[in-house]
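As you go down the protein sequences, you meet chains V and Z in turn.
Numbering follows numbering that gives the first Met the number 0, with no gaps: position 402 of the first sequence is 401.
Numbering follows numbering that gives the first Met the number 0, with no gaps: position 235 of the second sequence is 234.
In short, the hints are calculated from the structure, not lab data.
There's no promise every hint is true.
[Said to hold, decoys possible] Reference excerpt, derived from the structure (chain V facing chain Z, CB under 8 Å, subset only):
no., residue
1, L39
2, V83
3, W87
4, I106
5, K119
6, D251
7, L264
8, T292
9, H295
10, T364
[To be verified] Ranges between beta-carbon positions, derived for each pair:
no., chain 1, residue 1, chain 2, residue 2, range
11, V, T78, Z, E280, 39 to 47 Å
12, Z, D200, V, T78, 22 to 30 Å
13, V, A47, Z, V15, 24 to 32 Å
14, Z, M290, V, I387, 42 to 50 Å
15, Z, V15, V, V25, 24 to 32 Å
16, Z, I27, V, A47, 34 to 42 Å
[Said to hold, decoys possible] Which chain Z residues stay away from chain V? Per the calculated CB distances, all over 10 Å, these:
no., residue
17, M79
18, Y183
19, F204
20, S227
21, F241
22, A250
23, E283
24, V289
25, D310
We put the beta carbon where it would ideally sit given N, CA and C, even for glycine.
Listed below are the residues making up each chain.
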Amino acid sequence: MAHFEKANSLNEWLDQRLAVNTLKRVLQTEYWIPKNINFLWAMGMVLAITFGILLVSGIFLLMYYQPNVDTAFDSVNYTIMREVGFGWLWRHVHAVAASVVFLIIYIHMFTGIYYGSYKKGREIIWISGMLLFVAFSAEAFSGYMLPWGQMSYWAGMVITNLFSLGSLEFNGLVEWIRGDYVPAQAFLTRFFMLHVLLIPLAIIALIGIHFGALRLPHVNNQDGEEFDYDVEAEKYKAGDKKNSKVIAFANDFLSKDMFVVAVYLVFFFYLVFWNYSFAMDPVNFDPADGLKTPAHIYPEWYFLWSYEILRPFSKDIGLIAFGFAQVIFVFLPFLDRSPNAVPASRRGLFFIWFWLLLIDMIALTAMGKLPPEGIYSTIGFVSAVVFILLWIALPIITKFEKKV
Amino acid sequence: MKEFKILAVVVFFSLVTYWLVEPLAHSILHKHVDSNHFTYADLPALEKTGDVANGKELVMGAGACTGCHSLEAAGIAASMDAVTAASSYGVNPPDLSAVGAIYDDKFLAALIKDPASALNVSHKFDPASGKMHPMTQFYGAGGDMDQEVADMVAYFKSIAPKAEEVTPAIAYENACGRCHAVKYESWTQIGEKPTFKFKKDEYRFDANVLEYQEHLTKYMGALPPDLSMYYRSRNVHFLETFIEDPQSHLAGTAMPRVGVNAESAEKIVEYLADSADTLREDRESVGIKVMIFMLIFTIFAYLWKREIWKDLH
């Protein structure tokens with residue numbers, strides 16, 4: 000057993016046993032972040048806070064929610080909304096956070112793409128981030144099943160049907176996923192398990208990897224500037240904070256993060272109390288009815304772009320396009336052949352590529368909600384083709400990019 | 000300054016996406032129906048001034064309204080219980096005590112003269128094919144028919160409670176409640192479900208509800224849905240225009256136009272809001288408090304940031 004001196008303070012006592020001073024140094028006071036950043040660099044903290052809100056509100060909802068096809072709807076809409084003190088608040092917070100988290104994820108993602116923060120050692124940050132996107136998507140989908148409303152039921156039907164893989168007719172696989180021929184009790188209970196246990200565990204693990212992956216390549220900066228962190232850190236520690244290109248994670252970076260988080264929370268709570276219906280589709284306030292298909296079935300807004308890539312094509316081609324859209328972002332670090340890890344504004348054709356991709360995905364999102372007919376169908380089809388062409392073009396245009 | 004430009008870009012694209020998937024998409028997805036503000040312009044105006052005493056005689060006369068309808072305000076009880084009434088008529092005929100306050104005058108007059116067309120269900124009840132509306136139309140008592148109808152309407156208005164005495168529950172129960180249950184308010188088609196001491200009594204009540212629903216299903220073609228969550232699954236504009244005329248949203252539906260006046264429609268919507276969005280006032284008041292807290296938090300966060308960063312710039 001190691002030799003322990005008598006500690007003179009609680010801090011010293013903890014430091015002997017947990018090395019809290021080292022932890023504090025490594026994780027906070029000497030965890031170096033570049034100074035040249037803007038508020039978009041706070042999106043990670045905004046996401047962490049939103050995930051925390053989802054976790055806490057979810058725990059409260061979990062105490063009253065009943066994963067049973069006969070009582071699920073009423074446990075949410077009657078028990079939680081009317082009987083439980085502040086149940087309505089937790090439910091609205093949970094629903095709005097689940098939707099807004101995707102807005103922030105998309106902002107975070109497009110920030111990464113714009114500033115080239117997936118290259119030169121930052122590949123794992125990007126890949127773990129995209130895995131988090133997949134995990135959050137699965138979490139959102141499984142959570143959407145739980146109130147057992149009309150959209151829960153029919154979205155569950157449509158999405159699990161995708162696993163029949165079109166003409167391959169893997170109906171056995173679909174039944175295995177559902178645990179039944181149609182979404183029913185077995186289906187609800189397993190999606191409940193996924194939502195409250197397995198996927199949150201995966202998310203927490205992936206967040207750990209995502210943070211860990213930042214450590215060695217460091218956070219990117221606004222100009223893609225490469226500099227020696229050790230030299231800059233020495234300047235900072237010597238007291239020359241003004242000329243150092245780095246700041247400490249805490250409290251320098253954290254104080255800015257918290258200000259952005261505060262502004263974000265004002266916006267977030269405005270949505271929770273006054274503008275929540277975008278996150279709580281009216282159709283899902285009708286109880287699930289397997290005999291009554293809703294007039295329009297559409298996913299939540301954050302899935303619309305990929306849904307629209309599925310829709311305008313024939314069954315099999317649509318599925319292939321959909322599969323392509325689901326995985327292609329993960330390969331971004333390898334499809335971008337350019338040696339430049341600088342903002343898109345300095346990368347010529349890539350700059351155009353970036354804005355085209357953003358506008359195209361917004362067009363897909365808009366068309367994904369509308370009925371697939373007439374002009375909407377045409378715009379959807381063109382946008383889906385453009386999406387695929389953009390990704391095919393990416394290695395080519397970046398290959399010929401000049402070194403800056 | 001650069002940060003504000005970036006923020007403007009982020010906000011712009013977020014708002015465009017929001018506008019496309021919410022206001023725009025919903026305006027395309029849902030049929031647009033204008034409200035006529037419960038004016039019932041298709042129904043003829045009442046031109047005669049009614050005589051209450053004569054109206055009373057007509058309403059209570061042999062073979063008239065009270066043959067089928069109860070009129071509790073005048074001490075006339077229902078001749079049958081709700082289930083038996085539904086087995087005879089398809090649906091339990093309403094008590095007439097409050098109709099003068101709940102329904103539009105023009106509508107009441109038109110209903111007395113020709114129920115199927117006032118209710119906008121002529122497509123369902125065609126006398127030529129022998130399918131008569133269960134409510135017999137008033138053929139006149141020998142005098143000026145318009146005068147007699149006006150008298151009856153005047154009588155109903157004279158016995159009806161004042162508008163402010165009609166609660167949301169009374170308006171709902173009269174106009175909607177004999178077809179639509181509202182589970183979250185313990186409302187069934189045969190009345191409010193009491194709390195029972197004995198299970199067997201509860202089963203008996205439930206069996207009566209089921210039997211009533213069976214007759215109602217046969218009469219309407221499908222069981223009218225429970226409206227517990229309709230305030231949230233539909234919007235207020237939809238509810239109002241649907242109540243005003245169900246055909247405008249759902250052509251060919253068996254649901255009748257119930258003919259409520261504007262104030263009663265508002266009360267019905269309030270009743271539905273109480274069921275589906277019970278704690279909406281709490282939401283407002285808690286919301287304001289949370290906002291005040293967050294704004295103060297934001298100010299402190301900004302001051303902290305400024306304090307820390309003054310050494311860094």
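Going down the list of hints, with the structure as the test:
1. L39: holds (6 Å)
2. V83: violated (10 Å)
3. W87: Given a least distance of 5 Å, the restraint on W87(V) holds.
4. I106: holds (6 Å)
5. K119: This hint is violated: K119(V) lies away from chain Z, its Cβ roughly 23 Å from the closest one there, beyond 8 Å.
6. D251: Nearest chain Z Cβ about 6 Å off; hint holds.
7. L264: holds (5 Å)
8. T292: Violated. Min distance 15 Å.
9. H295: At 5 Å from the nearest chain Z Cβ, H295(V) passes the 8 Å test, so the hint holds.
10. T364: At 6 Å from the nearest chain Z Cβ, T364(V) passes the 8 Å test, so the hint holds.
11. T78(V) to E280(Z): 39 to 47 Å: The hinted range 39 to 47 Å is violated for T78(V) and E280(Z), with Cβ atoms some 20 Å apart.
12. D200(Z) to T78(V): 22 to 30 Å: holds (25 Å)
13. A47(V) to V15(Z): 24 to 32 Å: Holds: the Cβ-Cβ distance is about 27 Å, inside 24 to 32 Å.
14. M290(Z) to I387(V): 42 to 50 Å: About 44 Å separates the Cβ atoms of M290(Z) and I387(V), which means 42 to 50 Å holds.
15. V15(Z) to V25(V): 24 to 32 Å: violated (42 Å)
16. I27(Z) to A47(V): 34 to 42 Å: holds (37 Å)
17. M79: holds (32 Å)
18. Y183: Since the minimum Cβ distance to chain V is about 5 Å, Y183(Z) lies within 10 Å and the statement is violated.
19. F204: holds (19 Å)
20. S227: S227(Z) is in fact no farther than 10 Å from some Cβ atom of chain V, at 8 Å.
21. F241: holds (14 Å)
22. A250: Consistent with the label, A250(Z) stays out of reach of chain V, its closest Cβ about 14 Å off (over 10 Å).
23. E283: violated (7 Å)
24. V289: Given that some Cβ of chain V is not farther than 10 Å from that of V289(Z), nearest at about 5 Å, it is violated.
25. D310: violated (5 Å)
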